[in-house]
Amino acid sequence: MFSYILRRIWQMVPTLLGVILLIFLLFKFFGGDPVEIMAGVKSSPERIASIRAQLGLDRPVWEQLWIFIQQVFSFNWGKSWMTNEAISEIFRTRLPATLTIMIPILLLEVVLAIGAGLAVAYVRGSLTDRAIMILTTVALSISFLVYIIVGQYLFGFILGWFPVQGWTNSVWKNLITYAPLPVFLAVLVSLAPQTRLYRSFFLDEIGHDYVRTARAKGVTENTIMLKHVLRNAMIPILTNVATNLPGVFIGSFLIEVFFSIPGLGREILVAVNRSDYPVIQAATVYLAALTMVINLITDVLYKFVDPRVTLK
Amino acid sequence: MSAEMLQSLPQSPGVWKQAWLRLKTDRVGVVSLYVTVLFIALVLAAQLGLVAKDWQKEVGVPFAAPHMVGKIADGTQTATVETVSGPNIDISDVDPLAPRYKEWAERAAQFKTTVTVKADTLPFGADQQGRDVFSKVIKGAQVSITVGLTAALLATLIGTTLGAVGGYFGGRAGDFLEWVYNVFTAIPYILLVFALAAVLKSGPLANTLGSGVWTVVIILGLVGWTGIYRLVRAEYMKHRSREYVRAAEAIGASHASRMFTHILPNISHVILVQLSLHVVGFIKAEVILSYLGLGVPLDMVSWGTMLAEAQTELVQGKWWQLATATVFMATFVTAFALLTDALRDALDPKLR
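Protein chains in written order, with the working numbering: chain A, 1 to 312; chain B, 1001 to 1352.
Take the hints with a grain of salt, since some may be wrong.
If the Cβ cut is set under 7 Å, some of the chain B residues that face chain A in the computed set are [unchecked claim]:
1) Phe1176
2) Leu1177
3) Trp1179
4) Pro1188
5) Leu1191
6) Phe1194
7) Ala1198
8) Val1199
9) Leu1307
10) Val1327
11) Ala1330
Simulated restraints on C-beta separations [stated by the list, open to error]:
12) Leu25(A) to Gly1049(B): 40 to 46 Å
13) Gln54(A) to Leu1097(B): 54 to 60 Å
14) Pro1297(B) to Thr137(A): 31 to 37 Å
15) Phe30(A) to Ala1109(B): 54 to 60 Å
16) Pro163(A) to Leu1097(B): 49 to 55 Å
These aren't lab readings, by the way, just hints derived from the structure by calculation.
Idealized CB from N, CA, C, for every residue including glycine.
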């Protein structure tokens, strides 16, 4: 087990280096000239020279790559080009808002989708099942945007159940007052595809021999679904949750933009619009690293969910 | 055997013909095919300038309502009537512009003025500037569907080429491509999109590409090839040692010929289904990118920019642009998704 984790971490090294290299080359050769972005078009030669020296642009490319790698591993990215705020400070202050949105979305999504998937699988083949399947197909084809726009209008503006948008410094107030509407809408949107998927996982399991055996020895249908089928379906569910984590990032990022929540996603979008490269680079590299770690944790979790799995 | 004898033998239909025959028996598939073809025809007509050419023309009053809603009488137009209470003070002797008033009036009279009547209601209503929502949604369909299709083609091209090389040759080249694949998939999709958008917006390529739709196509294509690569690679690994490929090698077919004239037609159904799956995904992505301001530029219209405009309109109670864009997009996306399912079933009956 321990040696497995060590080996997996060792295997991450080339991928992480690749990510660093990709981001470096992308911004180096296809990005704009940092001096032009920072100093504007009209600037004195001295100022240009000082910016170039400060960013290390006067050195050879491989040395610049080395500086970039050092930045990644020392967590020291200097300051934002636009606001002069330290990059580490940006991450530290924006991350809590993102997590306040993202964690409830993730938890509710998994729990509700498992429940809905089980319920639909239970009534498989019936009219309800088919109606729900048609409904989810149509629901899937409507853009994420429409749900947000209409939901914000309906629940925030017309019905007044939630504030339309807003954010405070207090975590509890955010969770109770401002987070519910964004979280509710995000979960609503993801429920359709997730329910379809989980239904298919459960249906796969229901077709197995052990279910027939359980039925033959007189186990009730509820026990079969909740104990036998649910437990065995945990492996595909776990894989799906892990592969969906980046998707939750996307969802929460967009939610932040729609509801003006001062989180990481909105910060990155603002950085894109202002050509604030260091913020984008740092976010991309670290979130890629985080994704790799999450994948490793998922693989280790398989071992606990299914003892038959051997980690090699 | 002579040619006539070959002709008289019973012929088994080809793969594509068989697939077509199967597709024809699938009722849902046929209906979705009709809807898709209708939309594609609309896109082509808009591209040629036959329909929705004047989408920018302000044909209605601002926020003209749809016919079914009827003319809006919101009372904001109540005219105030001026009543004369006495002669104005004559300021012509202190007004320095007074001598020129007559000259200006003469010059102004030389211009023809035409009175245009703006419609109070339009079939699908009008937006804030009085542009016809129906023309906009067709023009938007043109842009959104074109972006989705070309981006999917680009992603398929990249994915298929790299997958073919990686799966067919394996070895060093294969390992290298696997590394590239791992790198691309390690970065969360949205961040890669943002990074590319930042680079294409302010980098040296910004001038050559402009702020046109091509930027969106390139971003989506460069980010979206990984899934296709993976599948095509697996197919090539499966096929490369099959007998027909060995036979091709025996008659002296080159690597390129084996890869693209022998193996590729045999896996083209996999690629076609992937292509069509990606179209739907990219249309949805374009909508979101345009909303975020990273997609279609302001002087063009797509379903995404329509939804973005509709957000502020909705608060004022003008729901028709949102409804029209949503219905058109949902219809196309549903039809295309169902067509993809039907296509997959028709091309690969073993899957069922």
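Hints versus structure:
1. Phe1176: Phe1176(B) check fails; min Cβ-Cβ to chain A is 10 Å, beyond 7 Å.
2. Leu1177: For Leu1177(B), the interface hint is violated, since the closest Cβ of chain A sits about 12 Å away, which is over 7 Å.
3. Trp1179: holds, 6 Å
4. Pro1188: Holds - the Cβ of Pro1188(B) comes within 7 Å of chain A, reaching about 4 Å at its closest.
5. Leu1191: holds, 5 Å
6. Phe1194: At 5 Å from the nearest chain A Cβ, Phe1194(B) passes the 7 Å test, so the hint holds.
7. Ala1198: Given a least distance of 4 Å, the restraint on Ala1198(B) holds.
8. Val1199: At about 5 Å, which falls below the 7 Å cut-off, the nearest Cβ of chain A leaves the hint on Val1199(B) intact, so it holds.
9. Leu1307: holds, 5 Å
10. Val1327: Since the shortest Cβ distance to chain A is 9 Å, the answer is violated.
11. Ala1330: holds, 5 Å
12. Leu25(A) to Gly1049(B): 40 to 46 Å: holds, 41 Å
13. Gln54(A) to Leu1097(B): 54 to 60 Å: holds, 57 Å
14. Pro1297(B) to Thr137(A): 31 to 37 Å: holds, 33 Å
15. Phe30(A) to Ala1109(B): 54 to 60 Å: With Cβ atoms ~58 Å apart, the hint holds.
16. Pro163(A) to Leu1097(B): 49 to 55 Å: Once the Cβ atoms are compared, 54 Å apart, the range 49 to 55 Å for Leu1097(B) and Pro163(A) holds.
Comparing the model with each earlier hint shows violations of hints 1, 2, 10; every other hint is respected.
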